[in-house]
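K.L.:
Residue-level listing of the chains:
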Amino acid sequence: MVNYGQERPFRYWGEHAMESSIDSTSRALEVRGLSVTFTTRRGPVPAVVGVDLDVARGELVALLGESGSGKSAAARAIMGLSDRNATVTADTLKLGDTDLRSLSEQQHRKLRGTRMSLVFQDALSALNPVLSIGDQLGELFREHRDMSRRAARAAAVDLLGQVGIPAPARRISDYPHQFSGGMRQRILIAMAIALRPELIVADEPTTALDVTVQAQILELLDTLRRDLDMAVLLITHDLGVVSEVADRVMVMYAGRVVEAGSADDLLRAPAHPYTEALLRSVPRADRREGRLHAISGSPPSPSNQPDGCPFHPRCEYVVDECRTTRPPLTVLTDTSARLAACHRSEEVRHVAVAG
Amino acid sequence: MSPSPGDLVLDAQDLHKTFHTGRSGLRRSRVSAVDGVSLQLRAGESLGIVGESGCGKSTLARMIVGLERPDSGSITVNGKDVTKVRGRDRRLMRSEVQMVFQDPYTSLDPRMTVLELIGEPLVVHKRVTGSAARRDRVAELLGLVNLAPELMHRYPHQFSGGQRQRIGIARALALEPRVLVCDEPVSALDMSVQAQVVNLLRDLQQRMGIALLFIAHDLSVVRHVADRTAVMYLGRLAELGDTDTVYDQPAHPYTQALLSASPVVDRTRRRLASRIMLAGDPPSPSDPPSGCRFHTRCRFSQDRCVSETPALRALAEQDPRTVACHFAEEVRQAAPPAPLAV
Chain A
1 MVNYGQERPF
11 RYWGEHAMES
21 SIDSTSRALE
31 VRGLSVTFTT
41 RRGPVPAVVG
51 VDLDVARGEL
61 VALLGESGSG
71 KSAAARAIMG
81 LSDRNATVTA
91 DTLKLGDTDL
101 RSLSEQQHRK
111 LRGTRMSLVF
121 QDALSALNPV
131 LSIGDQLGEL
141 FREHRDMSRR
151 AARAAAVDLL
161 GQVGIPAPAR
171 RISDYPHQFS
181 GGMRQRILIA
191 MAIALRPELI
201 VADEPTTALD
211 VTVQAQILEL
221 LDTLRRDLDM
231 AVLLITHDLG
241 VVSEVADRVM
251 VMYAGRVVEA
261 GSADDLLRAP
271 AHPYTEALLR
281 SVPRADRREG
291 RLHAISGSPP
301 SPSNQPDGCP
311 FHPRCEYVVD
321 ECRTTRPPLT
331 VLTDTSARLA
341 ACHRSEEVRH
351 VAVAG
Chain B
1 MSPSPGDLVL
11 DAQDLHKTFH
21 TGRSGLRRSR
31 VSAVDGVSLQ
41 LRAGESLGIV
51 GESGCGKSTL
61 ARMIVGLERP
71 DSGSITVNGK
81 DVTKVRGRDR
91 RLMRSEVQMV
101 FQDPYTSLDP
111 RMTVLELIGE
121 PLVVHKRVTG
131 SAARRDRVAE
141 LLGLVNLAPE
151 LMHRYPHQFS
161 GGQRQRIGIA
171 RALALEPRVL
181 VCDEPVSALD
191 MSVQAQVVNL
201 LRDLQQRMGI
211 ALLFIAHDLS
221 VVRHVADRTA
231 VMYLGRLAEL
241 GDTDTVYDQP
251 AHPYTQALLS
261 ASPVVDRTRR
271 RLASRIMLAG
281 DPPSPSDPPS
291 GCRFHTRCRF
301 SQDRCVSETP
311 ALRALAEQDP
321 RTVACHFAEE
331 VRQAAPPAPL
341 AV
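Protein chains in written order, with our numbering: chain A, 1 to 355; chain B, 1 to 342.
Mixed in with the good hints there might be a few duds.
Listed next, with one range per pair, are the computed distances between beta-carbon atoms [said to hold, decoys possible]:
| id | chain 1 | residue 1 | chain 2 | residue 2 | range |
| --- | --- | --- | --- | --- | --- |
| 1 | B | 21 | A | 325 | 52 to 62 Å |
| 2 | B | 71 | A | 44 | 48 to 58 Å |
| 3 | B | 320 | A | 42 | 55 to 65 Å |
| 4 | A | 301 | B | 244 | 36 to 46 Å |
| 5 | A | 42 | B | 208 | 37 to 47 Å |
| 6 | A | 44 | B | 136 | 36 to 46 Å |
| 7 | B | 123 | A | 280 | 40 to 50 Å |
| 8 | A | 325 | B | 126 | 54 to 64 Å |
| 9 | B | 120 | A | 158 | 57 to 67 Å |
| 10 | B | 330 | A | 316 | 41 to 51 Å |
| 11 | A | 129 | B | 154 | 32 to 42 Å |
| 12 | A | 316 | B | 84 | 48 to 58 Å |
| 13 | A | 115 | B | 21 | 42 to 52 Å |
| 14 | B | 120 | A | 124 | 27 to 37 Å |
In short, the hints are calculated from the structure, not lab data. Glycine included, every Cβ here is placed at the ideal spot set by N, Cα and C.
Take these sequences, add in the hints, and give me the full structure.
P.N.:
Right, here's the structure in full:
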């Protein structure tokens, strides 16, 4: 059951912390206090807690997190595609000027594809194996734009050309299995941009791809969002991908945003120990260090979270306060758009700058 | 008896493997997965194999551990050609080469406890007698991979992904193999856990003098694990040599393209725009291009590449690597694109 409640059970920081300088005209997505709770046999499991998120048109925001961090659950809630056992609540959930919370399932469905669309990770299972690419792409135009079969096919050929599929007129009648993994991902992107949506949510779009193909797909997403002025919310676990394409980054851990800011700032001077440790643990292809910096332990399961700061059992900066009090997401001093949820974020940030 | 460092423990010569995959059109389609690959591995050394999906790296690994039989070529472990042995000898050879699998969620039997999982190879190969001895040895192995021995009565689902991969490593080490083959051992793990497992493998290899064959698609992980690196493309070796040389002065056009496409966490050096573009998609291994298999996507391609297969050759007297490219000298000059060499 999807139930957009008005109340917001978890709230740790005030309105002043609303991030970034996005003005309302260019804002494609506005989310405040998004929470997703799964009902299971063992009781409610909070997967996403109090997430605030803005994406402007033409902007690429990365939601970075590991498995169980809630990044995919948040994305699905935004798309209105949550599982049956999920309860979604939010203070604000707006696509442009449309309040997504008040929509019926049917209205929501009409919005998906036209004004917002989703690119999945696994292109082979996201495409229908028994319909040709032309039929699948054309269906969008016939359904939403009332085009004739012939016009829809022509539009589909255009679209395939736009996402860089060679000889689109010849390949339009082919079936998904006749394309390579990278080409299938291009087709998914073609379907996502077909009706010129304001927002694309890309859920690990390159995780199943090889590096050379990944680079092509990231570049395609990057070009399209600039050319078509679309907002892109990129869900990923890969710091390298974030570094290559993101304008802004939100780092999620255990269902909450623990750090947010512009990609330049955040990657140069992380203010949350989790981000800082991740950046240090990632091996680099361009130089060889001795041992990698390893973070001890593993990410907590959403159903069994530590008290206080959820990262404290793995944190190098841990102090007593961390074990009892969850640090709120707060604005860092001297910044307008840098947020971190750590009692010692100022120290972490300075250590990182110095190191 | 443990081998002394530098001893040749694994020698694979001219391995070929072709799979038959049903029909395409009127003729049976054949996939040439590995085509003439030779590798040597010395005790205490780690060799990384990188390449994209379909390049044959996993097939190569499976042949080396004995899960696939090569069509031709030889694999010599400890002086014995294991492609020819059968029965009891084969079992003996299996204990010399062990494998760590990619997915720690599916490679451990969910109905066995850790004690049974790690103890199984010990019992099968009659390395221990009696349950007390088995328990002691399992405890020892758990200690080796930094897990508490008290955990041995638990089941795999009670562990996290990183811990499960440690169990997989302990199981592979149970028979004290000379060669440990790891096929994408960290790619299924959470990013904050990968470094733990990479460090563990490196430690074990150095401490126990095991030879490590480390297969991955992630170039940055391989750089940290491997002393030498082999780059594969469509079933063949493109470049093989000392890791730092291959990464810092790549001499095969494919190695260069692969390195330039690998994302780097550094905002000042974003490379998507400046990377070397590869034309098109990887060709299908069922219909590999003639001559150099990379020629269809290569920016240095000339007529000769279409007709003549380049042999793996040394670039210069002193150069600690071999390259399979007719124009490797020019290629090395033309690269690397600046970001790599800072």
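K.L.:
Could you work out which of the previously given hints the structure breaks and list their numbers from low to high?
P.N.:
As far as the earlier hints go, not one is violated by this structure.
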